Amino acid sequence: MRNSALQSMMSRIYASQLTQRLVQSVFVLFGVSALIFFIARVIPGDPARLALGPNASPEQVASLREQLNLDEPALTQYFLFLRDLFHGDLGISLYSGRPVVRDILEQLPATVELVLFSAVIMIVAGVVIGAVATRYQNRAADYIIRVLSLAGIVVPSFVWAIVLMLILAFWLDLLPIAGRLSQGMEPPRHITGLYTVDALLTGNIPVFFDAIYHIALPAFALSIASISQESRLMRASLVETMSAPFIETARAYGRTESWIIRKWAMRPALVPALTVVGLDIASKIGNAFLIEAVFAWPGIARYGVEVILFKDLNAIIGTVLVISLAFILINIIVDFLVGLVYPKIRLQGATDV
Amino acid sequence: MSSQVKVFRAMPQSFTAGVFRNPLFLSGFVIATIVVLVAVFAPFVAPYPEHAGPFVDFGNVRTPPSAQHWLGTDLVGRDVLSRVIFGFRQSLLMAVVVLGLSVPFGVTLGIVAAYFRGFTEIAIMRVTDVFLSIPSLVLAMAVLGVLPPSMLNAMLAVSVTWWPWFTRLAYNVARAVVSEDFITASKVVGASHSAILIRDVFPNCLPTILTKMANDVGFIILVASSLSFLGLGLKPPTPDLGSMVASGANLLPGSWWLTLGPAMAIVVAVMGFALMGDGLRDELDKAKK
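Taken in order, these protein sequences are the chains called A and B.
The first sequence maps to residues 84 to 436 in my numbering.
The second sequence maps to residues 13 to 301 in my numbering.
Everything labelled a hint here was simulated from the structure, so no lab data went into it.
Treat the hints with care, as some may be off.
A few chain B residues facing chain A, derived, Cβ under 8 Å [to be verified]: (1) I134; (2) F241; (3) S267; (4) W268; (5) A275; (6) M283; (7) A286.
Ranges of calculated distance between the beta carbons of each label pair, as one might list FRET restraints [said to hold, decoys possible]: (8) B:A79 <-> A:V230: 46 to 54 Å; (9) B:V68 <-> A:L105: 56 to 64 Å; (10) B:I134 <-> A:H170: 25 to 33 Å; (11) A:L188 <-> B:P161: 51 to 59 Å; (12) A:F113 <-> B:W82: 49 to 57 Å; (13) A:P156 <-> B:P59: 53 to 61 Å; (14) B:G202 <-> A:V230: 51 to 59 Å; (15) B:F131 <-> A:R95: 27 to 35 Å; (16) B:P161 <-> A:S94: 27 to 35 Å; (17) A:L105 <-> B:V139: 19 to 27 Å; (18) A:S94 <-> B:S206: 32 to 40 Å.
Here the structure is a predicted model, which means the values were calculated and not measured.
By construction, the Cβ of each residue, glycine as well, lies at the ideal position given by its N, Cα and C atoms.
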């Protein structure tokens, strides 16, 4: 009885903490929008002239200035931008000539799919490698993990991508070098925009396997840097957990080491690894820019590079805003998940506030 | 709580001595020193220094690695090794300027926020949060995207993304320092705010900051090469490791040495500084105990 009252209090505190995080994030997002907006407005020279190039007539420049509200004071410009933003309007892309929101919505699912796949690879591989290294605790395993994690950190992701592409795609010819589907393959009916999910939902098995076949290499290249970090952390926290008194109890019951790791030690040991998952996924969003460039993956990161090279202000602001939003959301989701896996964190966090 | 921070006004002797016995630091230090020396003396070290510029030799185009050209030659017949060696110069210059701009700025803000608390703290740390909630590479790209492409602007763009990390680091360390008794003692004897910040708080943050700086030299090289890999950095013919990898990647799988040579150069440079940073951190943790 008392226990359930305590539980409901805990979950209330947890809920209010989450709300607080959400409110805080809204402010951060406003800050991000202001920051990126003013960065885009401090360009030396006339942004309209810059976008249209030296051959545009003065009338064209004037009409673009009008369209971008460039003749208003900076603060007014920002408020006009915010007003449009609340109407889901990020302006027209000079690069594609279409609404930025439409462009982004079209490009986003490919990137989401890529990041999701690589996150799954990272978590599974990280946990498995970490657990194996703990099970066979010796200098060799320790050494291998340390070298791997160093390699993951110091080798830029575009180098991983190129090396993997060279070996697996060009030399061994196991995987395709570019694109989301084979030539002649129709994309599945648009539901979520993630080809694998849509193919499953519509029961289109050949497309599903073709999509997996195409995403495997870029997703793996994107996950390498963080696999090593996750496994190193997983190993460190598993080793620590394995020396806890409750594990001694399990040993006294005569349970095998593997059983203890799987059933008892894994859950508490997952917490530190989970909290860095958020940060790792965030770094993936940045690295996705490089991976998409290497594998010609038609996602928002590739769109971002193109609009930046084109000096398309509306599209630059929109892309950065969407990416930051994704970044903030992922961190909130991870916090929520950590609370779910390990209830003690909820209360600890609450007493901190 | 009170004695969690080891207080010292200068680097203790045992620390400097221990560092040079740490194998991680030592191997990193050797690699980093070689990279720096090679970069500084590039015109004397490079086998074909004139190949760093707009040189062409159409008789020697895309030759694979050989005794004359250890890393082969590129599309217009230039020696890749020589260009890699000159590429180190750009990378290191980038790292030095970015750290020179972002460390003093970031650290000052962090220490000030931790010391004065209240509104100053909230204002500084919330702004820092905003900068930290955009992935670094994306923010650097956006800044560089709206500025005209040049080496200086690339340095500015990376600095804009770099200072908040130092603000957060200095803030975290300084918060522990300012709650120490000796800070209260300084206040009691009437030391001014700036004296306390400069003489008491800053020296105690210094070891942690230096450790991060050693690590960051490598990571700045990494970010800078990522930017130029995407075509947002220097324009040819200046040799730049990232753009060399990018232009070589277009010729895969044929002339693989055009990509892998400069790519390995980036890895070696980043690894040297990362190892140095790791070793320093190990020793710092030991010194705190």
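These are the hints, each one checked on the structure:
Here the hint on B:I134 is broken, as its CB sits about 11 Å from the closest CB of chain A, past 8 Å. Residue-level restraint check for B:F241 holds (minimum Cβ-Cβ distance to chain A is 5 Å; threshold 8 Å). Violation of the interface hint for B:S267 is found here, the shortest Cβ-Cβ separation to chain A being roughly 11 Å, above the 8 Å cut-off. Of the supplied interface hints, the one on B:W268 holds, with its beta-carbon coming within about 6 Å of a beta-carbon of chain A, less than 8 Å.
A least Cβ separation of about 4 Å between B:A275 and chain A falls short of the 8 Å threshold, and the interface hint therefore holds. With a cut of 8 Å, the hint placing B:M283 at the interface with chain A holds, because the nearest CB-to-CB distance is about 4 Å. At a threshold of 8 Å, the smallest CB-CB gap from B:A286 to chain A is about 5 Å, leaving the interface hint in force. Taken as a hint, the range 46 to 54 Å is violated for the pair B:A79 and A:V230, whose Cβ atoms sit roughly 31 Å apart.
The hinted range of 56 to 64 Å is satisfied by B:V68 and A:L105, whose Cβ atoms lie roughly 59 Å apart. Checked against the given bound of 25 to 33 Å, the beta carbons of B:I134 and A:H170, roughly 31 Å apart, stay inside it. Against the hinted window of 51 to 59 Å, the Cβ-Cβ separation of A:L188 and B:P161 comes to about 29 Å, which falls outside the hint. Our hint of 49 to 57 Å for A:F113 and B:W82 holds, since their Cβ atoms are close to 54 Å apart.
At about 58 Å, the beta-carbon gap between A:P156 and B:P59 stays in the expected band of 53 to 61 Å. Judged by the Cβ atoms, the range 51 to 59 Å given for B:G202 and A:V230 holds: they are separated by roughly 54 Å. Checked against the given bound of 27 to 35 Å, the beta carbons of B:F131 and A:R95, roughly 31 Å apart, stay inside it. With their beta carbons about 53 Å apart, B:P161 and A:S94 fall outside the hinted range of 27 to 35 Å.
Taken as a hint, the range 19 to 27 Å holds for the pair A:L105 and B:V139, whose Cβ atoms sit roughly 20 Å apart. For A:S94 paired with B:S206, a C-beta distance near 48 Å fails the hint of 32 to 40 Å.
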